[in-house]
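Asks: Chains A and B supply the protein sequences, listed in that same order.
Numbering that gives the first Met the number 0 puts the first residue of the first sequence at 0, with every later residue one more than the last.
Numbering that gives the first Met the number 0 puts the first residue of the second sequence at 0, with every later residue one more than the last.
A couple of the hints might just be wrong.
Said to hold, decoys possible - Now the stretches of chain A that chain B is said to cover, found in silico as 3 or more residues with beta-carbon under 8 Å:
{"#": "1", "stretch": "13-24"}
{"#": "2", "stretch": "46-55"}
Unchecked claim - Covered stretches of chain B, as calculated for chain A (at least 3 residues, CB under 8 Å):
{"#": "3", "stretch": "5-18"}
{"#": "4", "stretch": "35-46"}
{"#": "5", "stretch": "51-63"}
{"#": "6", "stretch": "129-135"}
{"#": "7", "stretch": "141-155"}
No lab work stands behind these hints: they were computed from the structure.
Quick reminder that beta carbons are idealized off the backbone N, C-alpha and C, glycines included.
There are 2 protein chains.
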Amino acid sequence: MQYETKRRSILKAISWRTWATMTTAVIVFIFTGRFTLAITIGFLEVFAKMGLYFLHERIWHRIRYGKKEIPSFVLWITGLPSSGKKAIADAVYQVLLKEDLKVDRLDSRDVRPFFPETGFTPEEVHRHVKRSGHLAARLEKNGVIVVASFVSPYRESRDFVRRLANNFVEVHLRTTAEACEKRDAKGHYRKARQGEYQYFPGVHVAYEEPPNPEITIDVDTTSVEEATRRIVAYLKQRVMNEKKAKPQPASPRLEQSRPA
Amino acid sequence: MQYETKRRSILKAISWRTWATMTTAVIVFIFTGRFTLAITIGFLEVFAKMGLYFLHERIWHRIRYGKKEIPSFVLWITGLPSSGKKAIADAVYQVLLKEDLKVDRLDSRDVRPFFPETGFTPEEVHRHVKRSGHLAARLEKNGVIVVASFVSPYRESRDFVRRLANNFVEVHLRTTAEACEKRDAKGHYRKARQGEYQYFPGVHVAYEEPPNPEITIDVDTTSVEEATRRIVAYLKQRVMNEKKAKPQPASPRLEQSRPA
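Given only the sequences and the hints, what does the whole structure look like? Please build it.
Replies: Given below as structure tokens:
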């Protein structure tokens, strides 16, 4: 929740006054040719108007007109383990941060440690992805842009997030398990093949490709820089550029008999 | 993410100019006694300075100095079923909304419908409360004030939320199961006693009172209005009034071997 301090208004009054009084003095001098008159009027103006300007700022600080929200969205990057989700998500996040946008970064490995009891069976992965997606959508509803990176191998839980979000931008990193295994410096695929992990997408369970993602990136032939550029361009043209943000739907509210 | 439109700056330029030019004209008239000169200088000023003012606004729009954040917090209202959590939380929420604060309202029954598979065993209640608390803390981290109302009968999961939040304000609605049952218009306590519900706090499982809540309200002897007044007073004096917001700690990041 942002507000403007009185100090800011005072500084603005001084900076404006310097600029404006010089203009007045020059105009008076041109018209009257009298240098001292120009200076005297300029001098009086400084005091009279500095106070008025401060007052003017404080009044406008309370007026909401012309204070607009940039539409927020959930950017959801999905793909096999070691497909490069984190690198691309981090790069997009940095670009948005630099543009001074209110943006949060949600990575699967930032959420899981809080819920160590949630494992990797399909049911638990659904729970993990739905929990994170619900969070992402709620942040979006509050004006926060979310850059999320999750393997999220199952269509059902990704679609759950899509339904909850207002502006959902699904980015599919297209590749093969073989290519990912080559990139996999930490040997997760090997461990999965050796049975150390179960339900590993690409090894034990299928990664269900999104049927209609907003953006598809062939990571085996696309650099992180190029992927970032394409995603940011899409966001600027198709999401953030809307003259009016889509109206925020009221949070869906379902009926339930037992008190929650 | 808020920004100021050019339209806002134009309107401010016009409103300021009206005010300021009249001042200049009066000053020039007092000093020279020449009415037409005063009007001419005022007239020229209108054009010269309107443009300058607009420019001045656009420059300041990019300057962050003096734009402050009001500290956000998680207000967590806990108590037995039918202790009056929702009424008090709604009232506090309305007060904060009216003050133009960025605030979100989180009620247990707004979260549960998204996760219908989560029931009411202690384990499932922990999962529900932790999921909601994680969400609340993440909203808080992004500058959103959260007003949450959850039975949250178990200390463990409430403390989980306390650890995640930066400013955690726990409000305990103190009462007895008997008093709640009298207030309970929907007959939930009766259903619980008849075995229709299991693990019902106050009937089958104990409500674990918070040992050190920030605020305790004896709801049997306190009106909703009085409770709201007390909570808002606490928030203003102890949380939102901090001259400087506590530094936001970096999101805790735990290690994990398997990719998330």
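Asks: Against this structure, judge whether each hint is valid.
Replies: Evaluated hints:
1. 13-24: holds (count 6)
2. 46-55: holds (count 5)
3. 5-18: holds (count 8)
4. 35-46: That given contact holds, which follows from 5 residues of the stretch 35-46 of chain B lying within Cβ reach (below 8 Å) of chain A.
5. 51-63: With 4 residues closer than 8 Å to chain A, the stretch 51-63 of chain B meets the three-residue bar; holds.
6. 129-135: holds (count 4)
7. 141-155: Coverage by chain A holds here, the residue count being 6 at a Cβ distance below 8 Å.
Violated hints: none; the structure is consistent with every hint.
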